[in-house]
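S.K.: Let the sequences and hints guide you as you build the complete structure.
As they're listed, the protein sequences go chains E and U.
End of the first sequence = 388 in our numbering, gap-free, step of one.
End of the second sequence = 388 in our numbering, gap-free, step of one.
Keep in mind that the hints were calculated from the coordinates and are not lab data.
Here the structure is a predicted model, which is why all the values come from computation and not from measurement.
Treat the hints with care, since some could be wrong.
For identical chains, the list gives no copy identity; a pair is met inside one copy or between any two copies.
Said to hold, decoys possible - Taking lysine-lysine and the DSSO-like style, the derived pairs with C-alpha atoms no more than 30 Å apart in a straight line are:
no., residue 1, residue 2
1, Lys340, Lys169
2, Lys135, Lys385
3, Lys375, Lys136
4, Lys341, Lys22
5, Lys311, Lys169
6, Lys367, Lys340
7, Lys364, Lys83
2 protein chains.
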Amino acid sequence: MKVLILGIDGYLGWALALRLVKKGHEVMGIDNFYTRKAVSEIGSDSALPILSMQDRIRAVEEVFGAKIGFVEGDVTNYELIRKVVDKYRPDTIVHFAEQRSAPYSMMDVEHAKYTMINNLTSTLNVIYAVKEVNKKIHILKMGTLGEYGYPAFRIPEDAFVEAVIQGVKDRIVVPKWAGSWYHWSKVFDSYILLYANRLWGLTITDFHQGPVYGTRTSDIVTEELFTRFDIDDVWGTVINRFCAEAVVGHPLTVYGSGLQKKGFTSLEDTITALTALIENPPEDGEFRTVHHYREIKTLNEMAELVKRAAKEVLGYEPEIVHLPNPRVEPEEDLLYEPEKKVLPKLGIYRLTRAMEDEVVIMLKDLKPYADRIRKMQALFRPRVKWRD
Amino acid sequence: MKVLILGIDGYLGWALALRLVKKGHEVMGIDNFYTRKAVSEIGSDSALPILSMQDRIRAVEEVFGAKIGFVEGDVTNYELIRKVVDKYRPDTIVHFAEQRSAPYSMMDVEHAKYTMINNLTSTLNVIYAVKEVNKKIHILKMGTLGEYGYPAFRIPEDAFVEAVIQGVKDRIVVPKWAGSWYHWSKVFDSYILLYANRLWGLTITDFHQGPVYGTRTSDIVTEELFTRFDIDDVWGTVINRFCAEAVVGHPLTVYGSGLQKKGFTSLEDTITALTALIENPPEDGEFRTVHHYREIKTLNEMAELVKRAAKEVLGYEPEIVHLPNPRVEPEEDLLYEPEKKVLPKLGIYRLTRAMEDEVVIMLKDLKPYADRIRKMQALFRPRVKWRD
Chain E
1 MKVLILGIDG YLGWALALRL VKKGHEVMGI DNFYTRKAVS EIGSDSALPI
51 LSMQDRIRAV EEVFGAKIGF VEGDVTNYEL IRKVVDKYRP DTIVHFAEQR
101 SAPYSMMDVE HAKYTMINNL TSTLNVIYAV KEVNKKIHIL KMGTLGEYGY
151 PAFRIPEDAF VEAVIQGVKD RIVVPKWAGS WYHWSKVFDS YILLYANRLW
201 GLTITDFHQG PVYGTRTSDI VTEELFTRFD IDDVWGTVIN RFCAEAVVGH
251 PLTVYGSGLQ KKGFTSLEDT ITALTALIEN PPEDGEFRTV HHYREIKTLN
301 EMAELVKRAA KEVLGYEPEI VHLPNPRVEP EEDLLYEPEK KVLPKLGIYR
351 LTRAMEDEVV IMLKDLKPYA DRIRKMQALF RPRVKWRD
Chain U
1 MKVLILGIDG YLGWALALRL VKKGHEVMGI DNFYTRKAVS EIGSDSALPI
51 LSMQDRIRAV EEVFGAKIGF VEGDVTNYEL IRKVVDKYRP DTIVHFAEQR
101 SAPYSMMDVE HAKYTMINNL TSTLNVIYAV KEVNKKIHIL KMGTLGEYGY
151 PAFRIPEDAF VEAVIQGVKD RIVVPKWAGS WYHWSKVFDS YILLYANRLW
201 GLTITDFHQG PVYGTRTSDI VTEELFTRFD IDDVWGTVIN RFCAEAVVGH
251 PLTVYGSGLQ KKGFTSLEDT ITALTALIEN PPEDGEFRTV HHYREIKTLN
301 EMAELVKRAA KEVLGYEPEI VHLPNPRVEP EEDLLYEPEK KVLPKLGIYR
351 LTRAMEDEVV IMLKDLKPYA DRIRKMQALF RPRVKWRD
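M.R.: As structure tokens, then:
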């Protein structure tokens, strides 16, 4: 298949490109390197060193004997995306070209606006490009389980759900409640995609995951193929940050009580799921909501798990500290079990490996880069507060 | 009270400024004259001639002996809005500074993006400016009843509602479903405001109306005080367009079956309601949803009403034509009765005058400008289609 990845230079974008190439698909990508710039804007860097795109593509050619197409550019530029879609005629467009950090979106008004404008503009450009060029192109969009908040009902894996309101039965869009401007931009994206589906019959997969963790996939067979790995307070997701902290003897920084539940998925399992969704697109004109998470854990459970693995790999038990939670989020008594049916039907339900084993691999991967990580350790502590 | 009107040059903005000044309030406004530019972009103009802002302010001084403050600028510029709020310290900010046409938002990808970016950016700037300067400033935001779509349940006048989903009772944001990018931008605005209320305790009135009609309010006592009046397919709301069509002997252009129901409100009643909401703000930190409409009518009923009034004022009965509906909207069997409780409690429930009488005034107001309107009559027919 021909796959166009928007945001191919990112954590998931690059890892997905490798998997698709390895499986014999044709891959084309667009990126404006915004994440690289924004990460260095806050004085941080990927903990694992990554090559320039030119060198990445060269490395892929050497290892897999396949050529990845690449256009440097911004998906908020409509003419660019329309031209690339028109010329390349992909079967699927994977849309990762969004600002993906909740703390970044909460820094101040300019970061809030950047997040909202960038994310909604890119999504509007994608749907219009597909509408203009070929309505049958499958759009696979990265959302987040964070769009739902923590409702009392079990979150259905569907765009719509039956609800009784004021004594009347109706079909409504599954209710959402986000916890940052970043998460709201994803909620709005989902509405935009759903409207485009109803209005123009576009074929869409709206894919929702929780935090991803992991330093590699089975395709990352040399250091030259590394995907980026962020560890600071703004760009690093929680388990990735815990592992980096452990490697340099920094306490594991849990926000608040640590009772917050998240649906975690490893990078390996994420890429496997995305590939299955690309290879098994929805019907023409279908809007397919997909939930993906492997283990629902509290932050405390994750910290304990990293602590145990650190003892095994690093020979010491890191301290666990609880910091005042900079976010505004519910911390306790959370029902959290979003429905999953699409991926299991595609045979995607088994963990590649247990979380403990994945964390062991992560610590081993990060250990050689301890000096690099140590330079960034001032960035572990959260600086962006949701409330003044 | 001190009131800052964002979008003071618009149809409602200007009419509200006049009412507030007349009632002895201090008024300050911001506008970038975007509507003037965008209306001329499609070759149209206000059917009633309006003065420049400089001359408008002079006319107000002559008629009411009061000075309106004005800053030309764009509310998407955060520094501008923050400085004005900081310097002027209003009790209430009325936020009209949004792209307000559904067809305009559906013209193409650039108009879709402009609408989304402009509207969400201005709203984010307003909430951040209030958060930074003084959280107690009341934000009164113009939304639309179109945010709700046409649900089966009676639309509650609240941000949240109880719902039973998958057998579980929960409190959810009142479900919404918009019918254009413009309407979606308003839905997203409402979420942004609600989140700002929950996160920072901002005091907000989220005001939802249907289409407004009318050439004047009781404060528009000379032609120099006219507010703008749009009549083309993009900027003119339906009754206003019908009246302009009647004045030049053009058939009344009903979209589709004409069975679409809307909650109409006259300009006079709109301004009275807005003034009451400004003079009676919510409690500190309250989020107040307000619905306002006076008569729920189908488009066919409105066309018939204009036809009858035309016979009385103009001495002839215009033809009514049904055009293929350029919009995608449900046309039949619509339950449509959003709850109203806030404004009646403030004593705002009586019509200033019957619709028939208002339409008679409109036709009389427009008649002297028939030649001006005739030049624009090619613009009555809809050119923007929701689907290709």
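S.K.: Quick one: which hint numbers does this structure break? Sort them smallest to largest.
M.R.: Violated: hints 3, 5, 6 and 7.
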